[in-house]
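Trainee: Taking the hints into account, I'd like the entire structure generated from these sequences.
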Amino acid sequence: MNRLKPTFEKIDPTFGSSFTVRVFNETNQNTPRFYHFHPELELIYVKGGSGKRHIGNHLSCYKDGELVLMGSGLPHAGFTDRMTRNESEVVVQMREDF
Numbered sequence: 011m012n013r014l015k016p017t018f019e020k021i022d023p024t025f026g027s028s029f030t031v032r033v034f035n036e037t038n039q040n041t042p043r044f045y046h047f048h049p050e051l052e053l054i055y056v057k058g059g060s061g062k063r064h065i066g067n068h069l070s071c072y073k074d075g076e077l078v079l080m081g082s083g084l085p086h087a088g089f090t091d092r093m094t095r096n097e098s099e100v101v102v103q104m105r106e107d108f
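Numbering (the numbering used here), first residue to last: 11 to 108.
Be a bit skeptical, because a hint or two may be false.
Restraint ranges, calculated between C-beta atoms of paired labels, are given here [what the hints assert, rightly or not]:
(1) H64 - I21: 15 to 21 Å
(2) S82 - E36: 26 to 32 Å
(3) G58 - R105: 26 to 32 Å
(4) T24 - Y55: 17 to 23 Å
For lysine-lysine, the following DSBU-like pairs were computed, each having C-alpha atoms within a straight-line distance of at most 35 Å [as the list claims (entries may be wrong)]:
(5) K57 - K20
(6) K20 - K73
(7) K15 - K73
(8) K15 - K57
(9) K57 - K73
(10) K62 - K15
(11) K20 - K62
(12) K62 - K73
For the record, the hints were derived by calculation from the structure and aren't laboratory data.
Glycine included, C-beta positions come from ideal geometry on N, C-alpha and C.
Mentor: So, in structure tokens, the structure goes:
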């Protein structure tokens, strides 16, 4: 069985901040999209759109209005890969000791 190996993603909050907030939309796409992990917790809110996501060893679909909290070190990819119109995705990444 061929398994996809996740890549480590380094999260760099702004100096003096304990978390990172990013908003992705039609003009600011979330690229590149790769299967990755990081020690930070990740909170994702999807406003508009739908698609497939890969979290750990689970593949599923998501839709508008979903809020997902992912634990530290959990490999993931997916969520909104190409947004149009009023669709957006808000991603908050924070250390466990936030």
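Trainee: Hint by hint, note whether the structure agrees.
Mentor: The hints, checked one at a time:
1. H64 - I21: 15 to 21 Å: Holds: the Cβ-Cβ distance is about 19 Å, inside 15 to 21 Å.
2. S82 - E36: 26 to 32 Å: 31 Å, holds
3. G58 - R105: 26 to 32 Å: With a Cβ separation near 29 Å, G58 and R105 satisfy 26 to 32 Å, so the hint holds.
4. T24 - Y55: 17 to 23 Å: Roughly 20 Å apart at Cβ, these two residues keep to the hinted range, so it holds.
5. K57 - K20: Roughly 25 Å between the alpha carbons, so the hint for K57 and K20 holds.
6. K20 - K73: Given that 35 Å is the threshold and the Cα spacing comes to 27 Å, the pair holds.
7. K15 - K73: Distance of about 26 Å is within 35 Å: holds.
8. K15 - K57: 29 Å, holds
9. K57 - K73: Holds: K57 and K73 sit about 8 Å apart, inside 35 Å.
10. K62 - K15: 18 Å, holds
11. K20 - K62: 24 Å, holds
12. K62 - K73: 9 Å, holds
Consistency note: the structure conflicts with none of the earlier hints.
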